[in-house]
Amino acid sequence: MKHFVSALALTAALAAPAFAQDTKVIGVSIPAATHGWAGGMNYFAKTTVERLEATYPQLDFVLATASDPAKQVNDIEDMLATRKIDALVVLPFESEPLTGPVQNVRNAGAWVTVVDRGLAVPGIENLYVAGDNPGFGRVSGEYMASKMTSGGKIVVLRGIPTTIDNERVAGFQSAIEGKNIEVLGMEHGNWNRDTSFTVMQDFLSKHPQIDAVWASDDDMAVGVLAAIEAAGRKDIQFVLGGAGMKEMIKRTMDGDAMIPANVTYPPSMIATAIEITAVGMVSAAPVSGNFIIGSVLVTPENASTYYYPDSPF
Amino acid sequence: MSDIAKPPRQIQMGVIGPILALVILVAMGAAMNPNFLGWDNITNVLARSAFIGIIAVGMTFVITAGGLDLSVGSMAAFVAGLMILVMNKALPTMGVGVPVVLLGMAVALGAGLVAGLVNGLLITRLGIEAFIVTLGSMGIYRSLVTWLADGGTLSLDFGLRTFYQPVYYGGLFGISWPIIVFAVVVVLGEILMRSTAFGRHCAAIGSNDQVARYSSVRVARVRLLTYVMLGVLVGVATIMYVPRLGSASSATGLLWELEAIAAVIIGGTVLKGGFGRVWGTVIGVLILTLIGNILNLTDFVSPYLNGAIQGAIIVLAVVLQRESKPGH
Amino acid sequence: MTTPVLALSGVSRSFGPIEVLHGVDITLHPGRVHALIGENGAGKSTTMKILAGYQPASSGVILLDGQPVTLSSMGDAEARGISMIHQEFNLAEQLTVEQNIFLGRELKRGPFLDKPAMQATTRDLLARLDCHAAPDRVVSSLSNSDKQMVEIAKALLRDTRVLVMDEPTAVLTQTETAVLMAQVRVLRDQGTAVLFTSHKLDEVKAIADDLTIMRDGAVVWTGPASDLDEHQMAEAMVGREVSDLYPPKSTTVGEVVLQVSGLSVPGFAEDISFTLRKGEILGIAGLIGSGRTETFEGLAGLRPAKGAVRIKGRPVTIRHPWQALDHGLCYLTEDRKTRGLLLQKGMRDNLTLQALHKFSQVFLNKSAEDAALDQAIADFDIRGSRSVIVGNLSGGNQQKLLFAKTMLSDPDIIVIDEPTRGIDIGTKQQMYGFIRRLAEQGRAIVVISSEMQEVIGLSDRVLVMRRGRIAGELTGDAASEDAIVRLAMGVGQAATPDKEFV
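Protein chains in written order, with the working numbering: chain A, 83 to 395; chain B, -5 to 322; chain C, 1274 to 1775.
Hints in this document: simulated from the structure, not taken from any laboratory. Please read these numbers as outputs of a predicted model, since none were measured by experiment. Even for Gly, the Cβ is constructed at its ideal location relative to N, Cα and C. Treat the hints with caution; some may be incorrect.
[As the list claims (entries may be wrong)] Every beta carbon over 12 Å from chain A, so not counted as near; a handful from chain B, in silico:
id	residue
1	83
2	104
3	121
4	123
5	157
6	188
7	218
8	239
9	287
10	308
11	314
[Unchecked claim] In silico SDA-like links for lysine to any residue, alpha-carbon gap of 25 Å or less:
id	chain 1	residue 1	chain 2	residue 2
12	A	332	B	159
13	A	316	B	86
14	A	166	A	138
15	A	332	B	86
[As the list claims (entries may be wrong)] Label-pair restraints from in silico Cβ distances:
id	chain 1	residue 1	chain 2	residue 2	range
16	C	1463	B	119	54 to 64 Å
17	C	1527	B	178	49 to 59 Å
18	B	204	C	1713	30 to 40 Å
19	B	215	C	1505	47 to 57 Å
Go ahead and model the full structure; you've got the sequences and the hints to work with.
Have a look at this one:
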C-alpha cells in the first residue's frame, strides 16, 4: 500500500514526462544468499536497483531471489507473464535448467543479460557479464609460484563441484606447471567454513610439512586459518583465499603475513550487469556483447581500492 | 543399584552391529594412514563429532518417543547468529570478559529452550505432525539467520572471539572442552534413557502412545520435554560451535538435522520410536565423522564419490543390525 | 467318510531348545467343520500356523490330498487352496471392500483395472455369504462381522478348499455370531473344509462336526463332536474337573466410594448416574455400541466428558487418565493388544509402566522391578518366559499381566472392560477368582462385559445400558439373561420403576 501511494505521488510530481514515456520493466533474478559471496552479490543487486530506480523514473525493477533452480524458473516465468518485463538480468543457479526459460524470455522480445554462469546454449543472451574463472585460477597460481620461487608443498581446497570450480582449478594447475610446486592433496571444502575447517584439520594430520594453502575462496580461508591456528602448526607460510571478502582484504591491507594477497572475483559484477542493462534501456548506446571482469591480484599496496566496509561480504 | 541375574543373553547383531562397523572403519583408517590413530587426529575427530553428537543425544529421545525434529540444523544457525549479535551488542558496555561470554551462553541456552518449547507445544497441544511443524520451523530459522546476517556472515568481534576461543580449543588434561561436554551429555543421556522413569516413558510412548495414555503416563508432557531438551542441547552445541570460527551464516548447521537423525538410526534407535539407546547414537556419530575423516586422509577414492561411500556405510551399518530389531 | 483334504501327522515344533508341539495329528475332511479347542498356550495357534504355511514344522509330515507337501510360505499354502483368517484381521483398513478382496490379484482389461468386473464378483461373493456390505465401502467403516465376511470372501476368491479361522467369534456379538455360523454352514455344504478355534463351547457344540482337544502342546482327544458334552470338553481342556466357574458373591458391601451423576460423553453417552460401594462388583451389560466403554473411558479421563463425580465423598475433576489414577480410579481397557500392553516390550517394562513412580526416586530401581515381576508372576499365575516380548505371550497370560500391571498402582476403584475376552475357560475361572478377591480386599469394581453369563455370575448388581443411557438396574435373582436382554433391546418392563422407556 505504501509503495502504491509513493508511486502515485511520484507520478503526480513527474506528471507529463512520466505519461509521455513508456515505463520499462527490468527483471533481476538471482540466487538467494546461501553463502558469503552470494550474500555480497545480493547486497550489490539490491543497492544498485534502489539507486537506478531513483535515477531513472522511467525504469521499474523486479528483483527476485531463488533458493533453488526450480524456484528461479518460476520467478522468471512469473516476471514474463505478469510483469511483462522488457529486460531480464539473470544469474543462473544452474546452466541447464535455466536455458529454456531464459530462451523463452528472449523469444518474447525482451533483452537478456546473463551474469557469471553461462547458459547451456550460446547466443541466447544479448549481453554476457562474467568473472574470469580460468583467469581467477591463473592469477592465483602465478602468485603462488612467485611467492615460492624455490618450489614448495601445497594443499588445495576446492569449491562445490561445478564448472566454475573446474575452470578455476584448471587455470591454477596450468599456471603452476613446471614451477616445482607439489600439490599434496585436493579436497572439496564446498565454499563452506565448517567443511573447510574439517578438511584442513585432516590435511594437517596427513601431511607433516605444508608450505602454503590455496583455499581458493575467502570463506574457506576462514576455516583453514582456524584449523592451522588450533593445530599450532608453524610450517605453513601463507594462505591464499579469493573473491575479496572485506575481512580478508582488511588483513591483507594491514600486512598480515598469513594473508599476503587476495584475488578478486567481485560479487559487484551483478551491479555492472544491471547498470549496463539499464543504460541500454534508456539510451541508444550500444551495450550488447561480452563483458568479462578480470580477476585482479590484491596486495597490501592496492588493497584499499578493493575494501568495501559496508558490503556484507 | 544392581541388576539381579538376568536371563542369559545371546550375542545380538543389533548390539554388536554398529560397534562392528565402527571397528572396521577404525581398522581401515589405521591401515591406510599412520597418522589416523595419532592423538591429534583422534581429538580432532572427537571434537568435530561433538556438535552433531550433542544434538543427536537429544534427537535420540525425540525419536524414541515417536517424534522427529528436522529443525535442529537451522535452529543451531539461528541460535549461533542470535548469540553473536547479542554478544557484539553487549560488548561496548560489558567489555571483553567472562560476563559477556556468560551472557552469550545464557542467550544460546535460552533461545534453544524457547525454540524447542515452540516446536513441542505446536506438536503436543495443537496435535500437528512433528514432521510438518519442524519442517516449517526449519525454514523459519534458516531465513531468520539469513535476515539477521543480511545475507552475509555474522562475525563475533575479533577480540571477543580470541577471548572465547578456549571454549572450543582449550580443555582439561589435553582433552578439549567439546569432547568433555559431549562425554558428559552422553553419560547423562544414557542414564536418563536407561535408568529413569522419563526414559522408560519415552520408549513406552514411542512404542504405542495409546498404551501409554491408558497407563496414565502424561504423554503430552513427556513429548514436550523431549523437544525442549533437544532445543537446550542445540544451545549447548552452539556454545561450543561459535568460538570455533566465530561466525554464523545461512550455511551454518546445514544438513545437521539429517546427520543427527542418521546417527541416531545407525546407532540402533528405531526410527518409528519405541526403542532408543544413547550409546548407539554416539557410535553412529563417530561412524559418520570417521568416514569423512578417512576419506580426507586417503587418496583412495575420487572425492566426488565421498557421498556414495558415506551412503553405503550408513546402509551397511543398519543392515548389520537388522536381525534383532524388537518384534522381528 | 471322504478322503482327508489336509492332515498333520506327528508334527512337532520347537522354538530354540523348547518343544511346544509334540507329535500332533489332525485330519480335515472336505465338507466338514472341525473345531480345535484347548486352553491358551495349548498349541492351537502354532498348529494352525503350520497348517496354513505361516510356520514350518520342526518334524512330522503335512499331507495334502494324501500326499506329503512342504508349505514354504503362506502364499504357497494359499496357492494350494489353504487360507487362514486371523483374529486380528488382515485387511487394508483404508481400502474398499472390493479393493481388499482383489488385493494382489486385481482383474485387468488391458493395462487398466476392470472395476465393473471386480465389483460384480465382489457382490456375488458377498451374496453367497449373505453379507450386504457395499463393494465400495471403506473397510475401516465396517462392523467386525462384515470384516470377517470380507476376509472369507477374499479366501473364497482364491478357490479355498481349506479355511482356517482363529477364534472367528471372539469379537462378534451374539447376532453376528449367528450370521457367521450360518455362513460357515453354507461353506461346509459347498464342500469346504473348515477348521476353527473358539473358547465358546456352546458354539463348538452347535456347529462342529469333528473336534480335536489340545493340552500342553499335544492332542488329548479327537473324534466326532457329538461324543462330548460341553462339560466334558471343558474338563478335557483343563485336565481337571471344572466345577463352579464363578466365585461366591459377597455378603457385605461398605460405604459409597464412587458417585457419578449426570455424566455425559458427547456422542456416546448421556445422563449416566450411578453409585459404587466398597467391596462391590458392579456389572455393566448392554449391546456392543451402547456406549459402555465410552462412558467409563470418559469417567477415567480418556475422553472428553461432563458431569459430577465424587470419590469418597469429595468432588473431583478428571480430565486426564493420570488424574484418575491420582484419585485411585483406574480403567482396564478391553483392547489389551493396542491399548493395554506394549507388545514389543518385555513383561517387566509393561508391568511397571503405570506405577513407575513407585520404582524411581531419581533412578529406576530395576531389582525392585524384577522383584515386583516375580511377585506378579506368582500372584497371578502368569506363565511364559520372562525374556520373551509380551506380544508373544498367549492371550490369557497377556490379560493376567495387564491385570497385574493395573493392580501394581494400587487403585481403589477398578473398571475392568471385557475381563475375559479371548481367553480360555481355565484362565477365566482364575480371573473371576482374582476379581472377587480384590472386592473382598475392599476395592470397588466395575465389570463391563458382553458375555451375559459373566455379568450375571460375577456381579453383585447389574446396570444395563442402551443407546448411551442407563436402561435399568438389576439385583439378585432379578438379574437374569432374559431381563438383561429386554433392557438392552428396549423391550418389556424396566426393573427400576423411576425410568421410562420407549
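Each hint, compared with the structure:
1. 83: Its Cβ never comes within 12 Å of chain A, the nearest being 17 Å, so this holds.
2. 104: Nearest chain A Cβ is 24 Å from residue 104 of chain B, so the label holds.
3. 121: 30 Å, holds
4. 123: 23 Å, holds
5. 157: 15 Å, holds
6. 188: Residue 188 of chain B is indeed farther than 12 Å from all Cβ atoms of chain A, at 32 Å.
7. 218: 31 Å, holds
8. 239: Per Cβ check, residue 239 of chain B is inside 12 Å of chain A; nearest 5 Å; violated.
9. 287: Check fails; 6 Å does not lie beyond 12 Å.
10. 308: Given that every Cβ of chain A is farther than 12 Å from that of residue 308 of chain B, nearest at about 18 Å, it holds.
11. 314: Per Cβ check, residue 314 of chain B is outside 12 Å of chain A; nearest 26 Å; holds.
12. A/332 / B/159: 21 Å, holds
13. A/316 / B/86: 34 Å, violated
14. A/166 / A/138: Given pair residue 166 of chain A, residue 138 of chain A holds - Cα atoms ~18 Å apart, limit 25 Å.
15. A/332 / B/86: Roughly 22 Å separates the two Cα atoms, so the pair holds.
16. C/1463 / B/119: 54 to 64 Å: Cβ of residue 1463 of chain C to Cβ of residue 119 of chain B: about 56 Å, so the range 54 to 64 Å holds.
17. C/1527 / B/178: 49 to 59 Å: About 55 Å separates the Cβ atoms of residue 1527 of chain C and residue 178 of chain B, which means 49 to 59 Å holds.
18. B/204 / C/1713: 30 to 40 Å: 32 Å, holds
19. B/215 / C/1505: 47 to 57 Å: About 55 Å separates the Cβ atoms of residue 215 of chain B and residue 1505 of chain C, which means 47 to 57 Å holds.
In summary, the structure is inconsistent with hints 8, 9, 13 from the numbered list given earlier, while agreeing with the others.
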